[in-house]
Each structure stands twice: as C-alpha cells, then as structure tokens.
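Student: Now for the letters of each chain:
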Amino acid sequence: MLAKRIIPCLDIRNGQTVKGINFVDIKEVGDPVELGAKYAADGADELVFLDITATHEGRKTFVELVKRIAAHLNIPFTVGGGISELSDADKLLSAGADKISINSSAVRNPQLIDDLAKSFGSQFVVVAIDARGNENNHWTVTVNGGRIPTEKELFSWAKEAEDRGAGEILFTSMNHDGTKNGFANEQLSQLADSLKIPIIASGGAGTEEHFVDVFTKGKADAGLAASIFHYNEIPIPELKNYLREKGIVVR
Amino acid sequence: MKIVIIKYNAGNIESVNNALNRLGVNAEITADHEKIRNADKVIFPGVGEASTTMDYLRKHKLDELIVSLKQPVLGICLGLQLMCSHSEEGDTKCLGIFDEKVKRFVPEPGKEYITKVPHMGWNSITGLKSNLFTKELENKYVYFVHSYYAGIGKDTAATCNYIVPFSAALQKNNFYATQFHPEKSGEIGARILKNFLEI
Chain W
1 MLAKRIIPCL
11 DIRNGQTVKG
21 INFVDIKEVG
31 DPVELGAKYA
41 ADGADELVFL
51 DITATHEGRK
61 TFVELVKRIA
71 AHLNIPFTVG
81 GGISELSDAD
91 KLLSAGADKI
101 SINSSAVRNP
111 QLIDDLAKSF
121 GSQFVVVAID
131 ARGNENNHWT
141 VTVNGGRIPT
151 EKELFSWAKE
161 AEDRGAGEIL
171 FTSMNHDGTK
181 NGFANEQLSQ
191 LADSLKIPII
201 ASGGAGTEEH
211 FVDVFTKGKA
221 DAGLAASIFH
231 YNEIPIPELK
241 NYLREKGIVV
251 R
Chain Y
1 MKIVIIKYNA
11 GNIESVNNAL
21 NRLGVNAEIT
31 ADHEKIRNAD
41 KVIFPGVGEA
51 STTMDYLRKH
61 KLDELIVSLK
71 QPVLGICLGL
81 QLMCSHSEEG
91 DTKCLGIFDE
101 KVKRFVPEPG
111 KEYITKVPHM
121 GWNSITGLKS
131 NLFTKELENK
141 YVYFVHSYYA
151 GIGKDTAATC
161 NYIVPFSAAL
171 QKNNFYATQF
181 HPEKSGEIGA
191 RILKNFLEI
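From first to last, the protein sequence lines stand for chains W and Y. For the record, in the first sequence the residue sitting at position 198 is 198 according to my numbering, with numbers rising by one throughout. For the record, in the second sequence the residue sitting at position 133 is 133 according to my numbering, with numbers rising by one throughout.
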C-alpha cells in the first residue's frame, strides 16, 4: 500500500539552514546538504528546501546548493521560494530538483501553474497555500509568509490550482503554524474530499499523535514539519515506529 | 566497466548519474550509437511523455539500437513503459521488448487512499524475481511517480499494488526495467542499482 510520507522542511538563507539545530552527530549544523542526508538516513520520505533569501546573489547560491543536494541526497526533494517564472523552475530542474513549490507567485499569476505543468509535468508542480481562518470558518489565502491577505479563499483556490495542473497541494494553516497544537485536520479533510491530488499538511505538528490525527482525521497524504525535526524533539525513526504501531502505513 | 546512460529528450537523467556516482561509478551520458553498443551496461531512464519520446527515439534510430543490445539494459520509469509493446499514452507503438501493454490508472472514487493519479510516493514491491533483486528486498518500499502502468505478465519481475496489481519491474533476457525510481529510493534503490551493475 502507498505509504504516508513524513517531510522535514528546511529554510535556507544564503545557502545555510536558518534554524539552529542540536544534532550531535552533525558537524556542520548549518549545512543543508549534511542535514538533508541525515534526515534521509533517518527515514524521511522527502525533503522540502525553502529558499528565503531575498537577494539576487543569494539566488545563485541556492541553485548551486540544489546541485549539491541532488548529488548527495538519495530521496526526492522539493525546492521553493522565489520561483516566479518558467526559467526559474527550469534552472532548479536542471540542478536536480524533483519538484518545485510555488506560493505567492501562483496567487499573483495563476497561469504560472498551467505553464509549469505543461512544460515540466504536473508531478513537478507543488502549489503551496498559506491560509488563515476566521471565526466564521472563512479561510483567506495569504502571501508573503502569511503577512498579506488576498482575495482568494482556500478551498476554491486549491481546486483552481488542481484544475490548472498542480500535482500536489501543500497547505499551511497560519492559525496552527508554530502552535504545536496539531494540524488543521478539519480543513485538511475537507480538502482531501474535494481534490484528486495528494495533500501535504503543514503547520501545528507538536507530538507523534498529531501525525496519527493528520493521516486519519485529516486524510492527508503527507505531513510536513520543521522545528520538531530540527530540534530533534521527535526523531523520525521513533515517529515512524509510533505510526506503524497505530496502523498507519509508513515506509 | 563502461556504463552508459542513453541521452535523449527526457528529464531525470542527471539524477540517475548522481545515484551511480554515489555508488562510486562513473557513467557517460551519450546518444552515440557506437558508445552505447560497446558499453558493458546501458541505462535507459526517463521522465516524459510516451509518443513524443518514441518519435525522438525513432528519429535518432535509438529504437532499433536499443532492441538490438546484447549487454544488460536497465529501463527506468518511462524507460520501462517504452520497452513494452504499446502505451495508451498518445496511443503509442513502443519498442516491444516486453509483451505488455501500458495502460492509464483509472481512479476509483470513494476508495480512500487509492484514488489518486499519479501514483506518487513510496510503495512496497513483492513477488521478486530476476537478479535485479535479492531476497531481503521483498516487501521493501521504493519511490514511484507515474500515471501509466504495465500489467502483470510472464516478464513481471516485481509486483506492486495501486488500484490494481501492476509490474513494478520487468525482465526478459538481458533487458531489465523498473517502474519505480531506484535513483530516488534511498538505500533500497541504491542496492537495486548495485545489483544491476553486478549482473
């Protein structure tokens, strides 16, 4: 049976991972390649590298980094951050990325999803959606790391992204992100029922139980998290064992 | 040992080369017929669309070359599909090495977990035959990304289940093929590539 995926996400600035990491067995804690290789060895199913560099120089560094990641990593990886045209994606594909993730640029220019899917195939295109819900359960899509609300609404935007050729949806609930109180299972389940493409859940992971919930109640195909993995609060091998005990199919 | 990766208009070729490099092996990526013919091992990778890829192979006479090869050949993903007789993708006549037809997965609405196409992610392989696999690989997980599949037949060397049982690997004589991506399948994939190199 197809396994549920566990995906650590690494934020990269100027070629280095941003968050502090406490792994004792890693020499260069800032090096995304070494950290990525450790996650792969631990049993991560995929990795996401998100470039949060703003400068042009930093971008070039990122492409070079993607080449090094591709050379060392033996599992699939997605790269995102600052991809706003086909040529950006083409550079990353040539550098060895398996998938690219687009977020704000897709909101500003939805046609980008069609163009990317047509040029590189849907399996290459992950559309990331950051959304915030209000008390009336209206979920507003936000851009620029959740700072700017848009006119778009989560469920209709996710459907549009699928129709335009997205291969996966990476949904981050801004209400849950950073809380460590669990994923947005209600919204995730609603997305799963309305979409035909896989959904990666993000935002709120704090315990092993949260991953059980996101795969059962939330019906997600993959669970993504950052800090709990970076700070080794939940080691991936332990998480996988726990999920297996709970009857979730994992690798 | 001379290892050649067939160069054509497909993505993912560098990934295969990277995986070989991790095994300490250098491969040449080339479309040169002479080099391909004289290699010890040939890898035919691929991510792309069947009909345009077959057109490209025919135009460069790589179709005739591939079927005539005598050394071990490993097709990966689209490579496997093109080594079959026919693909539904673009109603394409393929190389005909394996006597299998390639069909598109039809999603089954309402069946949770197995309704999505493409089949993407980690799935387990069983019923292993061929020297591509060693016993301990039975039931291990490998990485798939595909919307089309080859059914089960006499050349099936590994089976995977997704909506229907399908060939995760095929083998006939010197021709080997995997629907999954060994180059992206972690340690297990590396072992399968190593097994191929040791045939």
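These are computed hints drawn from the structure, not numbers from a lab. All figures in this text were calculated on a predicted structure; none of them were measured in a lab. Even glycine gets a Cβ: it sits at the ideal position worked out from N, Cα and C. There may be inaccurate statements among the hints.
To be verified - 25 Å max Cα-Cα, derived SDA-like pairs, lysine to any residue:
1. W:91 with Y:29
2. W:118 with Y:140
3. Y:70 with Y:9
4. Y:140 with W:91
5. W:67 with Y:30
6. W:196 with Y:106
To be verified - Partner residues aside, some chain W positions facing chain Y, computed with beta carbon under 10 Å:
7. 3
8. 41
9. 74
10. 76
11. 123
12. 178
13. 182
14. 251
Student: Taking the hints in turn, state whether each one holds.
Tutor: These are the hints, each one checked on the structure:
This hinted pair checks out: residue 91 of chain W and residue 29 of chain Y have alpha carbons roughly 19 Å apart, not beyond 25 Å. Proposed proximity of residue 118 of chain W and residue 140 of chain Y is contradicted: the alpha carbons are some 33 Å apart, above 25 Å. Between residue 70 of chain Y and residue 9 of chain Y the CA atoms are separated by roughly 24 Å; this keeps the pair inside 25 Å, and the hint holds. Pair hint residue 140 of chain Y plus residue 91 of chain W does not hold up; C-alpha atoms about 33 Å apart against a cutoff of 25 Å.
Simply put, residue 67 of chain W and residue 30 of chain Y have alpha-carbon atoms about 21 Å apart, close enough for the 25 Å limit, and the pair holds. Among the hinted pairs, residue 196 of chain W with residue 106 of chain Y is consistent with the structure: their alpha-carbon atoms are about 12 Å apart, no more than 25 Å. About 4 Å separates the beta-carbon of residue 3 of chain W from the nearest beta-carbon of chain Y, less than 10 Å, and the hint is met. Interface hint status for residue 41 of chain W: upheld, as the beta-carbon distance to the closest one in chain Y is roughly 8 Å, under 10 Å.
Taking 10 Å as the C-beta contact cut-off toward chain Y, the hint placing residue 74 of chain W at the interface holds, the least distance being around 5 Å. Taking 10 Å as the C-beta cut-off, the interface hint given for residue 76 of chain W holds, the closest approach to chain Y being about 5 Å. Because the closest C-beta pair between residue 123 of chain W and chain Y is about 5 Å apart, less than 10 Å, the hint holds. Here the hint on residue 178 of chain W is broken, as its CB sits about 27 Å from the closest CB of chain Y, past 10 Å.
Of the supplied interface hints, the one on residue 182 of chain W is violated, with its beta-carbon coming no nearer than about 21 Å to a beta-carbon of chain Y, more than 10 Å. At its closest, the beta carbon of residue 251 of chain W sits 4 Å from a beta carbon of chain Y; the interface hint therefore holds under the 10 Å criterion.
Violated hints, in rising order: 2, 4, 12, 13; the structure is consistent with all others.
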